[in-house]
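**Q** Take these sequences, add in the hints, and give me the full structure.
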Amino acid sequence: MKKYIFLIMAMFLIIPAYSSAEDFLEIPLMPEGKIIKKTDIRLEMKVNTDNDVVIDFYRTALKDMKDIKFREWKNATYIEDDSNRPWHSITISKNGTDETSIVIMKDNWTWIISTLVIRFIGVFAVLLILYLGMSFSGGILSRLFKK
Amino acid sequence: MGINEILDMLNGILYTTGVFNFEWNVVIMWAVGLLFIYFAIAKKYEPLLLLPIGFGIFIVNFPLVPLMGVEHEHRELLQIFYHYGLEWEVMPCVIFLGLGAMTDFAPLIANPKVLLVGAGAQLGVFVTFTGTILVGFTLKEAASVSIIGGADGPTTIYLTQHLAPHLLGPNALAAYSYMAMVPLIQPFIMKLMTNDEEKKIRMRTLRPVSKREKILFPLVTAAIIALVVPSVIPLVGMFMFGNLMKESGVVARLTDSAQGSMMNIVTIFLGLSVGATMSADNFISWKPLFIFGLGLVDFAVCTVGGILTVKIMNIFLKEKINPLIGSAGVSAVPMAARVSQMEGIKYDKTNHLLMHAIGPNLAGVIGSAAAAGMFLAMFD
Chain W
989 MKKYIFLIMA
999 MFLIIPAYSS
1009 AEDFLEIPLM
1019 PEGKIIKKTD
1029 IRLEMKVNTD
1039 NDVVIDFYRT
1049 ALKDMKDIKF
1059 REWKNATYIE
1069 DDSNRPWHSI
1079 TISKNGTDET
1089 SIVIMKDNWT
1099 WIISTLVIRF
1109 IGVFAVLLIL
1119 YLGMSFSGGI
1129 LSRLFKK
Chain H
-17 MGINEILDML
-7 NGILYTTGVF
3 NFEWNVVIMW
13 AVGLLFIYFA
23 IAKKYEPLLL
33 LPIGFGIFIV
43 NFPLVPLMGV
53 EHEHRELLQI
63 FYHYGLEWEV
73 MPCVIFLGLG
83 AMTDFAPLIA
93 NPKVLLVGAG
103 AQLGVFVTFT
113 GTILVGFTLK
123 EAASVSIIGG
133 ADGPTTIYLT
143 QHLAPHLLGP
153 NALAAYSYMA
163 MVPLIQPFIM
173 KLMTNDEEKK
183 IRMRTLRPVS
193 KREKILFPLV
203 TAAIIALVVP
213 SVIPLVGMFM
223 FGNLMKESGV
233 VARLTDSAQG
243 SMMNIVTIFL
253 GLSVGATMSA
263 DNFISWKPLF
273 IFGLGLVDFA
283 VCTVGGILTV
293 KIMNIFLKEK
303 INPLIGSAGV
313 SAVPMAARVS
323 QMEGIKYDKT
333 NHLLMHAIGP
343 NLAGVIGSAA
353 AAGMFLAMFD
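First to last, the protein sequences are chains W and H. Here the first sequence is numbered in our numbering, starting from 989 and rising by one per residue. Here the second sequence is numbered in our numbering, starting from -17 and rising by one per residue.
Don't read these hints as lab results, they were simulated from the structure. One thing to keep in mind: the hints can contain errors.
[Unchecked claim] Covered stretches of chain H (chain W as the covering partner; in silico rule of three or more C-beta atoms under 8 Å from a C-beta of chain W):
| hint | segment |
| --- | --- |
| 1 | 91 to 102 |
| 2 | 120 to 128 |
| 3 | 202 to 211 |
| 4 | 350 to 360 |
Computed from a prediction, not measured in an experiment: that's the story for all the values here. The beta-carbon is built from N, C-alpha and C at its ideal position, and this holds for glycine as well.
**A** Listed below in structure tokens is the structure:
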């Protein structure tokens, strides 16, 4: 009986320790990382490894998740979630040193609304350019054939 | 042969029939299919598409029918149409080629200002995106659902196939259903958003457009779209190529094929394969219901966006535009333009708005393609 009680107690001790392996918005954090700043919507941390190791870590951590996009920017690798998970992006710096910064952002309405507004304006811009293109080419055409 | 063997054989035969594999959820899909067949035949709502879509839904929802499966790398009939036509994104582009060969852009070339109305009428697309996210769709699903408001079937199919292929059936069906219902949805919004004075605004007769301008238009448009939103050039490029063939006047045989037999063949395969994606397992869930609900809101907001854009433009223009043509900024060519005409003559019997409304109507096609391009760029 004592053995069972001991086992049950051990389980209670072990399970919370396992589940509290650090994460932020369901994204695992690199164990050796140092958290610089943490709010409800943003976490910034630094790790003493190069960019490739961090990217490999997140590739493995996210491999079973659908709709994840890895974008290579000049100064960072940007991982974006295109579905509806609690996090929106992970930005991993690329600075050629052994210190890499990681920024995890919560999925937020500011991003959604701003991207939509920009894209709506983009549609206007496309048609405005077309309007200008038509006016310009029409003008050239009419001058050419008047002569 | 003993009686048991005969019974076993009979049993084996019976289990290869659909009757013994029947599930009740398919009955709902038969009803949906038959409803669309009814709309097509009795109500004449977009019959060219709703009839094959309705039949596709109906026939694919019988148990064991070898239509949409893939066995040992062998694709079944409708799966072949779906795979090569839709997964390869061929059919929407070929439809656009045919549409281009049928379209006269003169009203848009004569009054290019109305291109902005086509952009304003995409308002619903972006508003609905937000609503779709709120009810729990993913970003890609939200983009594919919101493009329904652009009222452009091929663009909806093209974008959905790219971003959320599992929603292809409901999205295409919602897009074509609302296109068919333009005369029912738009007049109320038009009435609500314009006063009597605005409804009676007369627009100057459009100037004649030379053949050279008509030839130049598809080239300029294709070049600009290729530069600015390259992701939709398969659609817009085909659209403009079809139009160039028509306006050049030197390839009458090709133009005839593009707008006639080829378009008809592709429409049959497109309708059947879109319908065939709607098996009971895919369709009977909360998402299609929301798609139909949100699609209606989307379409209404797009109409509002078009009318509002004209009203804003009128603040700056000396020669005012009749806001009734703003609603034609949603694509749905030429139905939306006809609605503008019908509403216009209700208030002034001699004020014919049809040709003026065709301009924003065509701008809406380009606008919805541009909006689709914006979404594609967001995820690529």
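**Q** Now tell me, hint by hint, if it's right for this structure.
**A** So, going through the hints one by one against the coordinates:
Check result for the segment 91 to 102 of chain H against chain W: holds, 8 residues qualifying (beta carbon to beta carbon below 8 Å, three or more required). As drawn, the segment 120 to 128 of chain H meets chain W at 3 residues by the rule of a beta-carbon pair under 8 Å; at three or more, the given contact holds. Restraint check on the segment 202 to 211 of chain H versus chain W: 7 residues with Cβ-Cβ distances below 8 Å, three needed, restraint holds. Judged by the Cβ-Cβ criterion of 8 Å, the segment 350 to 360 of chain H is covered by chain W as claimed, because 6 of its residues qualify and three suffice.
Hint compliance for this structure: every hint is met.
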